[in-house]
Amino acid sequence: MFYRENGQFKTTYRADLQIFPILQDRIAIGLILAAAFVLVPMLSSEYMLKAILIPFLILALAAIGVNILVGYCGQISLGSGAFMSVGAYAAYNVYVRLPGVPLVLTLLLGGFFAALVGILFGIPSLRVRGLYLAVATLAAQFVCDWAFLRIGWFTNNSTSGSVSVSNLQMFGLTIETPLQKYLFCLTFLVVFALLAKNLVRSAVGREWMAIRDMDVAAAVIGIRPMYAKLSAFAVSSFVIGVAGALWGFVNLGSWEPAAFSVDRSFQLLFMVIIGGMGSIMGSFLGAAFIVVLPIVLNLALPLIGQLVGVEISTAGIEHTQVMIFGALIVWFLIVEPHGLAKLWSMAKQKLRTWPFPH
Amino acid sequence: MGFFLETLLGGLMTGMLYSLVALGFVLIFKASGVFNFAQGAMVLFAALAMARFAEWIPLKLGIDNKIIANVLAFIAAGVVMFIVAWLIENLVLRHLVNQEGATLLMATLGIAYFLDGLGQTIFGSDSYKIDIGMPKEPAIVLESLFQGGVMINKEDVIAAVIAAGLVALLTLFFQKTKTGRALRAVADDHQAAQSIGIPLSRIWVIVWCVAGVVALVAGMIWGSKLGVQFSLATVALRALPVVILGGLTSVPGAIIGGLIIGVGEKLSEVYLGPFVGGGIEIWFAYVLALVFLLFRPQGLFGEKIIDRV
Chain Z
1 MFYRENGQFK TTYRADLQIF PILQDRIAIG LILAAAFVLV PMLSSEYMLK
51 AILIPFLILA LAAIGVNILV GYCGQISLGS GAFMSVGAYA AYNVYVRLPG
101 VPLVLTLLLG GFFAALVGIL FGIPSLRVRG LYLAVATLAA QFVCDWAFLR
151 IGWFTNNSTS GSVSVSNLQM FGLTIETPLQ KYLFCLTFLV VFALLAKNLV
201 RSAVGREWMA IRDMDVAAAV IGIRPMYAKL SAFAVSSFVI GVAGALWGFV
251 NLGSWEPAAF SVDRSFQLLF MVIIGGMGSI MGSFLGAAFI VVLPIVLNLA
301 LPLIGQLVGV EISTAGIEHT QVMIFGALIV WFLIVEPHGL AKLWSMAKQK
351 LRTWPFPH
Chain G
1 MGFFLETLLG GLMTGMLYSL VALGFVLIFK ASGVFNFAQG AMVLFAALAM
51 ARFAEWIPLK LGIDNKIIAN VLAFIAAGVV MFIVAWLIEN LVLRHLVNQE
101 GATLLMATLG IAYFLDGLGQ TIFGSDSYKI DIGMPKEPAI VLESLFQGGV
151 MINKEDVIAA VIAAGLVALL TLFFQKTKTG RALRAVADDH QAAQSIGIPL
201 SRIWVIVWCV AGVVALVAGM IWGSKLGVQF SLATVALRAL PVVILGGLTS
251 VPGAIIGGLI IGVGEKLSEV YLGPFVGGGI EIWFAYVLAL VFLLFRPQGL
301 FGEKIIDRV
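Here the protein sequences line up with chains Z and G, keeping their order.
Heads up, the first sequence is in the UniProt record's numbering, so the first residue is 1 and it goes up one at a time.
Heads up, the second sequence is in the UniProt record's numbering, so the first residue is 1 and it goes up one at a time.
Everything labelled a hint here was simulated from the structure, so no lab data went into it.
A hint or two may mislead.
Stretch by stretch, here's where chain Z covers chain G in the computed footprint (C-beta under 8 Å, at least three residues) [said to hold, decoys possible]:
id, segment
1, 69–79
2, 206–217
3, 239–248
4, 259–269
5, 286–298
The structure presented is a predicted model; accordingly, all values stated were derived computationally and were not measured.
Every residue gets a Cβ at the ideal spot worked out from N, C-alpha and C, and that includes glycine.
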């Protein structure tokens, strides 16, 4: 009743195949975009932008990348943090060594190199799958961690592997204040989300999904597994690499390899699983959940401690946070293994049939 | 030559410890198809429990004898690991039967986080020592053969003996006891095992208990060598290439894979490391395992993977 789609007749293929075939969805997306571009900058504080929104946007972008690989192509990867770091450090090298290159192109070049590395570490996926592959992709993580720490050339010979960028500019506009950074990241995210959505609806995306569902069967009906798997690795690491470059350039400003440790890889995988595998919107939801949860816990735990009359130390908060995080992940997997996106689609179905549930 | 042998021996010793951790992975994967990422957290948890009990028990009971205190601490930590195993089976795995591998992997990651936090909340997050009275001073052998002889850590030898004993015990348990047979049956085919009346959930509890005990022994040895602290949890990440090298389903694979990785790591670090800036032992094992996977995807002793539509 709230979500009626009857009466919305499609008379052309074009109309039938569009991204949001239902009028309400189009309106809602328009409203959300308007809110994100206009309302949020007007209302949110600097802290909100810096601590929550910018990390959310960038990690959502990375989660889209991981979702392309894990959710759409079914290749479990624990090396996403590595691809982020490759993106960040490659963009840094472009930034330092080729001073004239515009910022957007720098970031995209970071993604390009991440794609190359992604293809390289995707090669094992041609031979192994599932859990073996998950472990194999960890190799990317450790090799990259090591390379950026030990090989001076990548970090322009800084001793600790930490590098920094400053005075970011685009078309003569500076990207300095949190608000500017927010809008910059938001633009990136919207463009990439649109591209990703279209990609997974295209022939390439259908090949990925065929490979995910049953790769031998897909090969039998004429899909080239090598092409499909490696293209998924390439596209996914490109997006992740761009996100990594953004994370380094825009969010951190100066960073070291530890910013892209194996924990980051796990975090990205959590986002995809909790948000919903094989769903672009799920990437957003998962990123929001993972970014907001620690902040909420950080604020809530001392309060709860006060209520019960126990003083929780800083270390105690940290440990409790880790515990709750772990427990929530398990709980989520048990209660809703298809992620938040599935919850949303169920809610949509309920709204569609309300007040008669059948 | 003596130096080469020393490096080789050192590698074998580290490799054996990797084998112990890898064994935990293999046991659980064999019996339940769960890739247990929490094995590292379990090693840390067990080692923390043991280290702390070894402090607390003598204080409470007034025992002076170090050996008795250690044995009691070991038993207490073992009981704790049983409880952990039972809880994991009942609260988590039972509800996740028939889910995909990725989901189960994530669940064990969640368990790993939880155990990390819980262990440090209960037992504290400082660095602790486990002192099981191993001799610290090294012995020099084969002095007649090489100049300077070959240096061997006595505690490494003892650790090797303990590990070998554990493996022998596990083999006996799997081959000779009724429960062991049931375990192998479940590993072979869940449904068939269930249909002849083997209770799946109990078998899983047992497997997780065994993995817990293996984790406890591994934690004890690592802990007495290097101290118990958070970094122990990352040992699991070092042991993962062992599992894929040896094959996810093979106990001998875990042991031989562990030895190969241990030796390869040490030799590469010593002879290759200086040329590329050092610290390569972290990723060397992974790259070794990766290259190996390209030629033999199922690992050294893994079961042949047959693709069917």
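Consistency of the hints with the structure:
1. 69–79: Since 0 is below three, the answer is violated.
2. 206–217: As far as the segment 206–217 of chain G goes, the hint is violated, because 0 residues have Cβ atoms under 8 Å from chain Z.
3. 239–248: As far as the segment 239–248 of chain G goes, the hint holds, because 5 residues have Cβ atoms under 8 Å from chain Z.
4. 259–269: Our answer is that it is violated, as 0 residues pass the Cβ test (under 8 Å) against chain Z, missing three.
5. 286–298: Since 7 is at least three, the answer is holds.
Comparing the model with each earlier hint shows violations of hints 1, 2 and 4; every other hint is respected.
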